[in-house]
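Now for the letters of each chain:
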Amino acid sequence: MYDVDAAPIVRRVREASALSQRELADRAGTTQAVVSRVESGVASPSFDMVRRLANAAGFELRLECVPHRVTDPVVDAYKPGVDQSLLIANLRKSPRERFSTLLSARRFILKVRRVGEEARNRVAEPTAKYGGQDDG
Amino acid sequence: MDNDLDNILTRLHAAGVEFIIVGGVAANLHGSARVTVDLDLMYKRGDANITRLVGALAPLSPYLRGAPLGLPFRFDHPTVTAGLNFTLDTSSGPLDLLGEMAGVGRYEDVVLHTNTMDIIGNDSLVIELDWLIRAKRAAGRPKDLEVLAELEILRGLTDKNG
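Line order of the protein sequences matches chains A and B.
Take the first sequence: its letter number 111 is residue 111 in our numbering, and every next letter is one higher.
Take the second sequence: its letter number 52 is residue 52 in our numbering, and every next letter is one higher.
There's no promise every hint is true.
[Unchecked claim] Computed list of lysine-lysine pairs in DSS-like fashion (alpha-carbon distance at most 25 Å, straight line):
id, chain 1, residue 1, chain 2, residue 2
1, A, Lys79, A, Lys93
2, A, Lys111, B, Lys143
3, A, Lys79, B, Lys143
[Said to hold, decoys possible] Take a look, some chain B residues computed to stay more than 10 Å from chain A by CB distance:
id, residue
4, His13
5, Lys44
6, Gly46
7, Asn49
8, Ile50
9, Leu60
10, Leu64
11, Ala67
12, Pro68
13, Leu69
14, Phe86
15, Arg106
16, Arg137
17, Ala139
Hints were generated in silico from the structure; no laboratory data involved.
Quick reminder that beta carbons are idealized off the backbone N, C-alpha and C, glycines included.
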């Protein structure tokens, strides 16, 4: 048994191939009534039948295993803190615009880091010199 | 503009390197509002691609990030072949090169689950949002929990908008 609604699959491939139900049935070696019953959801066809109909319409039928969408209460606990307005605004942008925004923000962060590092080095320098005098 | 992520990507495209954008930049391209500094790329293993990868990136003086200066590290074909994942600093910024990622596998596995995005005038492969979530979950780092929350919300928003 498989839990798949074959009706929209068969209808979609048939319409994409511009075939009538009878033409698809002829190609698949079945009857128009069978195709009609499958498309209307009255019949639950076998997997092989769905594959035959898909092939007859010029399609490959593929099965794919995808991971369950796991829910994690710890991750869920973070969700109220996420500002969705920023995400919605981002989704309105093209990937190129998103990348451009990222580059600008990244440049700023790296600049701040560099300035911080230079400041730390300036503070550290006199200590190093002082230590050197002690050694001498 | 030669000190930026786009410089790395441009070089890789020009050399014909097979790679996939993963990690924080991929999250950003899917709509994340977080700013990431390093670029995570999954590269295809194999002699030809490693040759192209090394040729494209060697001019950016890749060095092991956080390692003391002066180590006998050379970013060359034997080094990349002998290793797998590299955490690097380059003259164009931090770069993680990944031959494999927990939860999603290698290039050949991930390439089947990518989106093509034009971000710098070239079509770049970007790991699909579902697979990015899978990788983040497998990584299991505490810092990823908040990122995961954002990515799952993004998935909900994109599902809703078709």
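Evaluated hints:
1. A distance of roughly 22 Å separates the Cα atoms of A/Lys79 and A/Lys93; the hinted pair therefore holds under the 25 Å criterion.
2. For the hint pairing A/Lys111 with B/Lys143, the CA-to-CA distance comes to about 23 Å; that is within 25 Å, so the pair holds.
3. For the given pair, A/Lys79 sits about 14 Å from B/Lys143 by alpha-carbon distance, which is consistent with the 25 Å threshold.
4. Here B/His13 stays apart from chain A, with its beta-carbon at least about 14 Å from theirs, past the 10 Å limit.
5. Even its closest Cβ contact with chain A, about 22 Å, leaves B/Lys44 beyond 10 Å, as expected for a residue assigned away from the interface.
6. The non-interface label for B/Gly46 is consistent with chain A: the shortest C-beta to C-beta separation is roughly 25 Å, beyond 10 Å.
7. Interface exclusion of B/Asn49 from chain A stands, the closest Cβ pair being 23 Å apart, more than 10 Å.
8. At roughly 26 Å, the least C-beta separation between B/Ile50 and chain A is larger than 10 Å, which holds for a residue marked as non-interface.
9. The non-interface label for B/Leu60 is consistent with chain A: the shortest C-beta to C-beta separation is roughly 15 Å, beyond 10 Å.
10. Every CB of chain A lies more than 10 Å from the CB of B/Leu64, the least distance being 19 Å, so the non-interface label holds.
11. At roughly 17 Å from the closest C-beta of chain A, the C-beta of B/Ala67 stays outside 10 Å, upholding its exclusion from the interface.
12. Every C-beta of chain A lies more than 10 Å from that of B/Pro68, the closest at about 17 Å, which supports listing it as non-interface.
13. Distance check on B/Leu69: its Cβ is at least 15 Å (rounded) from any Cβ of chain A, clearing the 10 Å threshold; non-interface status holds.
14. Against the 10 Å criterion, B/Phe86 stays outside the reach of chain A, whose nearest CB is about 20 Å from its own CB.
15. Remark: the non-interface label on B/Arg106 is consistent with the geometry, its nearest Cβ contact in chain A lying 17 Å away (cut-off 10 Å).
16. A beta-carbon of chain A comes within 10 Å of the beta-carbon of B/Arg137; the shortest separation is about 7 Å.
17. Even its closest Cβ contact with chain A, about 13 Å, leaves B/Ala139 beyond 10 Å, as expected for a residue assigned away from the interface.
Violated hints amount to a single one, hint 16; each of the other numbered hints is respected by the structure.
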